[in-house]
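Generate coordinates for the entire structure from the input sequences, incorporating the hints supplied.
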Amino acid sequence: MTKDFSNSVILPDDLPAIKPSEFNPIDRKYLKLIFIRQTIAWIIMILSGLLFFLLAKEDLPNFLPWILGGILVAIYCYSIIITYISFPYRGYLIREKDIAYKRGLIKFKLTSIPFSRIQHVELIQGVIAKQINLASIKIYTAGGSSDDLSIPGLPIETAKQIREFLTGKISSDE
Amino acid sequence: MNKIDFNQPRRQSIKGLVLIFFQEGKRGIKIFWPAIVPVLLTKDLNNKLLIVGLILLGGLILTLLHAILYFRKFKFHIENQQFILRKGYLNRKVLNIPLDRIQNVNTNQSVLQQFLNVMTVEIDTAGSAKKELKIHALSKSIAVELALNLSSHLEASQTDNSDTKKDSNSDEEEILRLGNRDLLKIGISQNHLRTAFFIFLFGLQFLNKLQEYFEDKADEYARELWLFLSQSGWAVIGILVLFFILISFLYSMIRTLILFYDLRFLKLNKSYRIVSGLLNRRNLLIPFRKIQQIDWETGPIKKLFGIYRVNIRQATSDLAAKSKLIELPGCLISHIELLKEDLFGSDHLKNQPVIHSSRVYFRRNWFYFGWLPAVLISPVFLFEWLYVFPVLLWILLMFLYSRFTLRKSYFQISNDQIRVSSGAISHKFKQMEFHKVQHLEFRQSIFHKKQGVASLKIGNASGFIKIPFIDEKIAKTIHDYLLYYAETSEKFWM
Chain W
1 MTKDFSNSVI LPDDLPAIKP SEFNPIDRKY LKLIFIRQTI AWIIMILSGL
51 LFFLLAKEDL PNFLPWILGG ILVAIYCYSI IITYISFPYR GYLIREKDIA
101 YKRGLIKFKL TSIPFSRIQH VELIQGVIAK QINLASIKIY TAGGSSDDLS
151 IPGLPIETAK QIREFLTGKI SSDE
Chain P
175 MNKIDFNQPR RQSIKGLVLI FFQEGKRGIK IFWPAIVPVL LTKDLNNKLL
225 IVGLILLGGL ILTLLHAILY FRKFKFHIEN QQFILRKGYL NRKVLNIPLD
275 RIQNVNTNQS VLQQFLNVMT VEIDTAGSAK KELKIHALSK SIAVELALNL
325 SSHLEASQTD NSDTKKDSNS DEEEILRLGN RDLLKIGISQ NHLRTAFFIF
375 LFGLQFLNKL QEYFEDKADE YARELWLFLS QSGWAVIGIL VLFFILISFL
425 YSMIRTLILF YDLRFLKLNK SYRIVSGLLN RRNLLIPFRK IQQIDWETGP
475 IKKLFGIYRV NIRQATSDLA AKSKLIELPG CLISHIELLK EDLFGSDHLK
525 NQPVIHSSRV YFRRNWFYFG WLPAVLISPV FLFEWLYVFP VLLWILLMFL
575 YSRFTLRKSY FQISNDQIRV SSGAISHKFK QMEFHKVQHL EFRQSIFHKK
625 QGVASLKIGN ASGFIKIPFI DEKIAKTIHD YLLYYAETSE KFWM
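Order-wise, the sequence lines are chains W and P.
Using my numbering, the first residue of the first sequence is number 1, and each one after it goes up by one.
Using my numbering, the first residue of the second sequence is number 175, and each one after it goes up by one.
Just so you know, these hints were derived from the structure itself, not from any lab.
Accuracy of the hints is not assured; some may be wrong.
To be verified - Under the rule of at most 30 Å between Cα atoms (straight-line distance), these lysine-lysine pairs were calculated in the DSS-like manner:
(1) P:Lys249 to W:Lys109
(2) W:Lys19 to P:Lys204
(3) P:Lys582 to W:Lys138
(4) W:Lys169 to P:Lys308
(5) P:Lys249 to P:Lys204
(6) W:Lys102 to W:Lys138
Note that the structure is predicted; figures quoted are calculated from it, not measured.
If you want it as structure tokens, here you go:
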């Protein structure tokens, strides 16, 4: 392995690796939140689909709404199942010098940011999330893109603690 | 000026309410005007005025309500060396910005703001969400005081680069100057196919608009045109294609001339200066420390001329604004060597082993771009089996495309920097230093886990570099190493 870096690289013997087993899980209430959100989005989609069929003046074949409806329901079920199965794969990890978030079973994605690169931290709480006391933490780095780190589904107390911890880190390390 | 206490949360100036109302109203119109247009286009006039009136009135009331709520919940203060901004009534948002993270504080005044005697304070953290760090309506005295407060810590750290600005005219060294002949070469070697495609799309849109105006006759014309086309066959299609390529060629030439006329690339001390343009001469100063990444690219025609297009990527707080992406067309390989030497030191990546992407990358590309569309379109074969041949040809083309992509997908890494190659027809390189790393992303789909491959995205303050489909272990090691490097490096990323 080290040969790929050639002899000019001095790799520390024990590079601190991020281990998926050490991650903190996301609050299970967040699963409920995702379901509610997905369901609302789908209801809107299906309603607008219905509206389209009602307003469509041309005679569409009778079976068309059923086929389309079937496809929509199938996709909805698929997304619910995938969300459910892959939920345990979500998790965050705060180490001494960096923070990481992982997610996804089908498409695994791990994002990490060193504390020294954090520009600012945001605590976000949506309307539904407020009802079940959940919040998200969003971390911005320089040059920010949508790919910056965001940890959803934290109990509000934890979220506040993390925010305080991170803002303390970034203002102290200079 | 009397001291203003920023420790207490405060709102914007009450006059700002007017400003918010106009701003949000404008935004509302931008979003909702497509909903009004169909109403305007319907033919019965009686309801039209009433409906439009009702919509406008409703929008007005909603906007007013929104403006008041928004104004009431928008508060900011300074506490523990942090700037804290609270806003939003449906979604509460709290932004904390440590004062020492602030890169720049600007004040701005538009015409309406001048009239209301308020100012915008814009806080640039070189982080994202730039728009959210604008306070649009502060009365002038408060705005000035706040800007002073927020930027007080900057003075100390920025004295060194104000020095370099002062003696800007001395010791400038010209690295590159584009003459007319260079511009011609650059214009010729642009990607004409892409331009032709965009012009074609634009043309289609235009035709659609025309069709709306000449609704009844359009069908007739279309039929005539189709008759004409089907009778005259390939010759006309050929001429049309040539016509599009000619137009896009002209377009590229004009664009090149306007943007890069008499481009001069200069170096002084620790920064570059670029002067270019025909109508609007822009003058850019780029300090070395702000440069995050260098890209260079060559294509089939560029290769003939031996020229490269170089992009110098600066730290930016708004990735959508490409203005900070600095383009230098028509560089020779010697210019790139010079840039690399300035920014990355002597090129020790040259002797590093080349690590290629896995064959999985080829298979995935061929599948996504070749087989998947082919399968999706296959029901067409039921109607006309002859379509099998163009589809087969497409699959073959995508085979070649994916082969080229794989061949050019590789990287070289040393202990402090990386160079990644990519491209299919053209050949692109990206290079950056590791202390500029901002965030890292490790991606692996369930299918690739079995095959032991993964992709890596290395983010810096100007964007990111992707390394697709490399050995999982290498990806993991680089991920951990870069984190470790960014955390232990003494060098600041800017």
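Status of the hints after comparison with the structure:
no.: 1; hint: P:Lys249 to W:Lys109; in the structure: violated (36 Å)
no.: 2; hint: W:Lys19 to P:Lys204; in the structure: violated (47 Å)
no.: 3; hint: P:Lys582 to W:Lys138; in the structure: violated (36 Å)
no.: 4; hint: W:Lys169 to P:Lys308; in the structure: holds (25 Å)
no.: 5; hint: P:Lys249 to P:Lys204; in the structure: holds (27 Å)
no.: 6; hint: W:Lys102 to W:Lys138; in the structure: holds (14 Å)
The structure is inconsistent with the numbered hints 1, 2 and 3, although it conforms to all the rest.
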